[in-house]
Amino acid sequence: MSEPRKRPSWIRSSAALAAIVAVVLTGCTAAPPAPVQVTRATVTYRTILEEFSKRMLDLGAPAVLIEARIDGEVFSSARGVRSLETSTPAEVNDPVHVASVTKSMVAVSVLKLVEEGIIQLQDPVGRHLPEFDTLMKPPGPVTVEHLLRHTSGMPNYYDPQLTSRTLQQALTQPITAEEILALTASVPWVLTPGGGMQYANANYIALGLMVQRLRGQPIAEVLRSDTIEPLKLTGTHLTGPGPAPATMVHGYITIDGVRVDTTYLAGLIGDTAAGLVSTVGDLNTFYAALMDGRLLKPATVKEMLLAPEGYGLGLERWGDACEGGFYYGHPGDTAGYGTMALTTPDARRQLTINLAYPPGPLNLTPYAPSNELAWEVLRIARKALDSTC
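FYI, the numbering for the sequence shown is 49 to 437, going by the numbering used here.
It cannot be assumed that every hint is accurate.
[As the list claims (entries may be wrong)] The calculated label-pair distances, taken between Cβ atoms and stated as ranges, are: (1) A355 / T136: 48 to 54 Å; (2) G358 / K280: 27 to 33 Å; (3) K102 / V306: 26 to 32 Å; (4) E179 / G358: 41 to 47 Å; (5) T95 / L169: 21 to 27 Å; (6) Q168 / G305: 47 to 53 Å.
The hints are simulated quantities; they were obtained by calculation from the structure and are not laboratory data. The beta carbon of each residue, even a glycine, is placed where N, CA and C say it ideally should be.
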């Protein structure tokens, strides 16, 4: 009997926040929500999104930023403030940490190397990152495709990260890709390579390091030249050592009851699994360009969309109740922030939600009970798009 699929590690929350949301929000469960059947005749996507924004603010969320692109129509909404300290009103294209959405952009850079013939999906990772096998000691050959699909069997590194430093240190002190892989290597492998889907950030940390080595450039520069500059994504970059953008929405958590600002975390500098900063408009533009062939060849995009276990090459998928197909994109969840970006394969219907979470304590235990609020963002995003039939 095969091991059941683990909960994605982008779902991180506190028990306190989950309890609040479970009481206030209806339809939240500990498992992914079922598709919601709605039509334009009964409710509009704008109403769904506006009501969601109000509920989040009532829970204490600093800001909710939304952009929907539906059949050429653009709806945008900014509710809340950039900072709880200044109360400056938030604007729709203020940037936030978008966490695991980073993986989609890193996957594009990996697949550009494939298209150029520099690597192949079935190449062993050790061929391009020689220290990988020595350090990680995998129980079998790990390929580039295994990393992209989270089927390498690698574990998550949160436990050793938090036993080697405090939560405050983990958030505020830089950590290199090599250090992250070393932490990961201290945890037993969960599955044999190719033995199933096990979502782990270390897969994309290794991919980012590999891309950087092969290009001979810092990974932030590679992402900029491959995707950010060609698409003119002016609000997007990989977290660096400099100050946060002046218009960035602030995120917050609490540690021992004290509110902590998590804006532009040093722990996310150069992080190729979760370090991207972006806006709702930029993310919609990125996924539209990906789907219509402006970033990769159609055959490559088709390969990305193949997701027998729900996760393709840097993309997740969810059922589309309107057209009987799938939505593609990625969720993001990190200290103080949550993101959901969805698109149809033809980019005719798109939606991105960026949320600054209500301040609360973190629970970084791998496979902790579901973050009810993260599931609620996904549920609302699907419900809104499903209402556009």
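Results of checking the hints against the structure:
Look at A355 against T136: about 40 Å separates their beta carbons, and that is not inside 48 to 54 Å. Checking the proposed 27 to 33 Å range against G358 and K280 shows it holds: the Cβ atoms sit about 32 Å from each other. Distance hint for K102 and V306: a CB-CB separation of about 28 Å, consistent with the stated range 26 to 32 Å. As the Cβ distance of E179 to G358 is approximately 31 Å, the hint placing it in 41 to 47 Å is violated.
For T95 and L169, the Cβ-Cβ distance of about 43 Å falls outside the hinted range of 21 to 27 Å, so the restraint is violated. For the pair Q168 and G305, the supplied restraint of 47 to 53 Å holds, since their beta-carbon distance comes to about 52 Å.
Hint violations for this structure: numbers 1, 4 and 5, all remaining hints satisfied.
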